[in-house]
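Enquirer: First to last, the sequence lines map onto chains A and B.
Residue numbers for the first sequence, in this note's numbering: 1438 to 1542.
Residue numbers for the second sequence, in this note's numbering: 39 to 189.
Hints in this document: simulated from the structure, not taken from any laboratory.
None of the values given here were measured: they were computed from a predicted structure.
Do not take every clue at face value.
Stated by the list, open to error - Which chain B residues face chain A? A few, computed with CB under 10 Å, are given here:
id, residue
1, L53
2, E55
3, S72
4, S109
5, T113
6, H118
7, R176
8, G180
Unchecked claim - In silico contact screen, one side only, chain B against chain A (beta carbon under 8 Å); selected entries:
id, residue
9, T69
10, V73
11, R89
12, V90
13, E110
14, F160
15, G161
For glycine and all other residues, C-beta sits at the position ideal for the given N, C-alpha and C.
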Amino acid sequence: MGQHGDVRVEDEDSLWVMAGEIDAAVQARYEELLVDAAARADRRLVIDLSAVTFMDSGGLRLLYHAAEQSSEPPLLRGVTDRIVDLLELSGVAGLFAIDLAEPAT
Amino acid sequence: MTDASDVTDSSTMTLMEAAPPTTMAEVHSWTLGSVDDLTQMRNGLETWLARVPDEDAEHGVDAHRVVLVASELATNALRHGSPPVRVRLLSDGRAATVDVVDHRPETPPVLAAGRRPGAGGFGLQLARRAARDIGWFRAGNGEKHVWARFA
């Protein structure tokens, strides 16, 4: 069974590293873990998206949990144009601090 | 987190009940049994969309948005529409339509403005913003179609 996207939690719950395709399948596997991590983390949450190749509202849901539970907007790192498009279409870009990915060339 | 309230009110509305333009023919289709099949569908869709010409033209199809919307509609159908779900790519050679078929004709799709990400109706709202237009119809054979047209 192929796992096409995953999430690693590091730095005492405060750094989430996402990779691959972050969709409803990944949401189902990681949602509980990340809700708990967001509740436990005692500093600003940083979410590294630089290795994410696709994200839809399943992934957005996971980011939203981070925003819901923190006192300051989580920092999204390595954000590609496609993820910016998704955040803006969804009207949630304002919930995060956004650090854009380096251009590909 | 006060900003979160911006996206948590929940007015709902009905989606237009109409068939997609009849000038488009099916190019390919994918059958999905669960959310674990989404990756394969998206990859296949991306490959087919690369063959739709005019991508560099101003009115060209934004392949990434087509894939995003297909993923949203298929996820909805898998959650609420009883699998298996079929994702169809329709094209007239220039524009593209994604048509997602499930077997719950009695449950019309719900468009929810301002729902939280991942809540019911959110994916369809996202699809409405990303596509040129979206709609749904019952086929009469126990099928429900939800479609999005790009152009």
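Enquirer: Looking back at the numbered hints, which does the structure fail to meet, lowest number first?
Expert: The structure conflicts with hints 1, 2, 6, 7, 8, 9, 11 and 12, although it agrees with all the remaining ones.
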